[in-house]
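Undergrad: Generate the whole structure from the sequences, applying the supplied hints.
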Amino acid sequence: MLDWTLLRSFLATIDTGSLSAAATHIGTTQPTLSRHIKELEQVIGTPLFRRSVKGLEPTEAALGLVDDAREMGRAAEALALKAQGKAETLSGTVRITASVVVSNLILPPIIAELRRTEPLIQIEIVASDASQNLLRRDADIALRMFDPTQNALIARKLGDTPLGLYASKAYIARKGRPREMLDILDHDVIGFDRLDDIIRGYAAMGRVVTRHQFPVRCDDQMVCWHLLLAGAGIGFAQDLLAGAQPDLEKLDIGMRLPALPVWLVMHEEVRSNARIRRVADFLSSALSARLKA
Numbered sequence: 001m002l003d004w005t006l007l008r009s010f011l012a013t014i015d016t017g018s019l020s021a022a023a024t025h026i027g028t029t030q031p032t033l034s035r036h037i038k039e040l041e042q043v044i045g046t047p048l049f050r051r052s053v054k055g056l057e058p059t060e061a062a063l064g065l066v067d068d069a070r071e072m073g074r075a076a077e078a079l080a081l082k083a084q085g086k087a088e089t090l091s092g093t094v095r096i097t098a099s100v101v102v103s104n105l106i107l108p109p110i111i112a113e114l115r116r117t118e119p120l121i122q123i124e125i126v127a128s129d130a131s132q133n134l135l136r137r138d139a140d141i142a143l144r145m146f147d148p149t150q151n152a153l154i155a156r157k158l159g160d161t162p163l164g165l166y167a168s169k170a171y172i173a174r175k176g177r178p179r180e181m182l183d184i185l186d187h188d189v190i191g192f193d194r195l196d197d198i199i200r201g202y203a204a205m206g207r208v209v210t211r212h213q214f215p216v217r218c219d220d221q222m223v224c225w226h227l228l229l230a231g232a233g234i235g236f237a238q239d240l241l242a243g244a245q246p247d248l249e250k251l252d253i254g255m256r257l258p259a260l261p262v263w264l265v266m267h268e269e270v271r272s273n274a275r276i277r278r279v280a281d282f283l284s285s286a287l288s289a290r291l292k293a
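In our numbering, the protein residues as written are 1 to 293.
None of these hints come from the bench; they were simulated from the model.
You may find that some hints are simply not true.
Lysine-lysine pairs mimicking DSSO-like chemistry, simulated, CA-CA at most 30 angstroms apart [as the list claims (entries may be wrong)]:
id, residue 1, residue 2
1, Lys38, Lys54
2, Lys157, Lys38
3, Lys54, Lys157
4, Lys250, Lys175
5, Lys250, Lys169
6, Lys292, Lys169
7, Lys250, Lys292
DEER-style ranges, computed between Cβ atoms [to be verified]:
id, residue 1, residue 2, range
8, Ser91, Ile44, 38 to 44 angstroms
9, Lys175, Ala76, 32 to 38 angstroms
10, Pro246, Asn104, 18 to 24 angstroms
11, Asp3, Leu120, 18 to 24 angstroms
12, Pro148, Glu39, 45 to 51 angstroms
13, Leu260, Lys175, 34 to 40 angstroms
14, Glu268, Arg290, 42 to 48 angstroms
Here the structure is a predicted model, which means the values were calculated and not measured.
Even for Gly, the Cβ is constructed at its ideal location relative to N, Cα and C.
TA: Following this line, the structure appears as structure tokens:
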């Protein structure tokens, strides 16, 4: 019988091309992963990788194992999800993924209250603007600002969070207040560096701009938030967050911005897990209340 742990390390090495990257990918150490590969080679009776200038290259024997190993992996993940869904105790770990902004500015007081209410439930937070794969169990619960489309996922729409154009009182005192759309061209607008979300937003409103029209640029939205608070320029922000900052003022220049939908998402196999369901319900209640406030 092949040990799934060995095959999991094997697939990670196939996918990443190096032992160090594979170890990081599955959350283990490089020596442990190297030992797994050697054990699997002993079981199979043939080398599975050869070193090259590009990294580790799989042998023909390794390539012949890949499809079956992935099928075994899918079966193992499905079994783990079903087993997790049977848990009935309000203890253990729940892993939540959310955007960097939500993780930093919205979740902390909610998680603090959850910990007071359910002290036996441990919380892991993945703060990332990348979409974590719930089907691979990268997280148990995801908070997303877009409608999820993957099958086998259960999604609750918690509400919408409107966006606004804001500036600090210090910035307005220094540069003045824009009154209409054309005025914005004479102001410092905080934009993204390589991301094109804001540029596409302008285009949707009939305005063609380039990144060079944003004199301060960064793709990290928490940095953009702090730049806005510091008075470095005008910025786009959620009303939920910016409206609670006494030093920020909303600018009404006739720019119609879309609201961001807020979804809570989890895999259908874990909805019967007591602790995950409890955390999901707590998050839903707390966030819905904030979105309606």
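Undergrad: Now look at each hint and say whether the structure bears it out.
TA: Hints, one by one, checked against the model:
The straight-line distance between the Cα atoms of lysine 38 and lysine 54 is roughly 20 angstroms, inside the 30 angstroms bound, and the hint therefore holds. For the suggested pair lysine 157 and lysine 38, the alpha carbons sit about 47 angstroms apart, so the restraint of at most 30 angstroms is broken. Between lysine 54 and lysine 157, the direct Cα distance comes to roughly 45 angstroms. Violation of the 30 angstroms bound is thereby established for this hinted pair. Simply put, lysine 250 and lysine 175 have alpha-carbon atoms about 15 angstroms apart, close enough for the 30 angstroms limit, and the pair holds.
For the given pair, lysine 250 sits about 10 angstroms from lysine 169 by alpha-carbon distance, which is consistent with the 30 angstroms threshold. A hinted pair counts as satisfied when its Cα atoms are at most 30 angstroms apart, and lysine 292 with lysine 169 qualifies at roughly 27 angstroms. Taken as a hint, the lysine 250 and lysine 292 pair is honoured in the structure, with Cα atoms around 19 angstroms apart against an allowance of 30 angstroms. Separation of serine 91 from isoleucine 44 is about 40 angstroms and conforms to the stated range, judged on CB atoms against 38 to 44 angstroms.
Take lysine 175 and alanine 76: their Cβ atoms lie about 58 angstroms apart, and the range 32 to 38 angstroms is violated. Checked against the given bound of 18 to 24 angstroms, the beta carbons of proline 246 and asparagine 104, roughly 19 angstroms apart, stay inside it. In this structure the supplied range 18 to 24 angstroms is violated for aspartate 3 paired with leucine 120, their Cβ-Cβ distance being about 32 angstroms. The hinted window of 45 to 51 angstroms between proline 148 and glutamate 39 is violated, with their beta carbons roughly 38 angstroms apart.
A hinted range of 34 to 40 angstroms is violated for the C-beta pair leucine 260 and lysine 175, which are about 27 angstroms apart. A C-beta distance of roughly 26 angstroms is found between glutamate 268 and arginine 290, which places it outside the suggested range of 42 to 48 angstroms.
The structure is inconsistent with the numbered hints 2, 3, 9, 11, 12, 13 and 14, although it conforms to all the rest.
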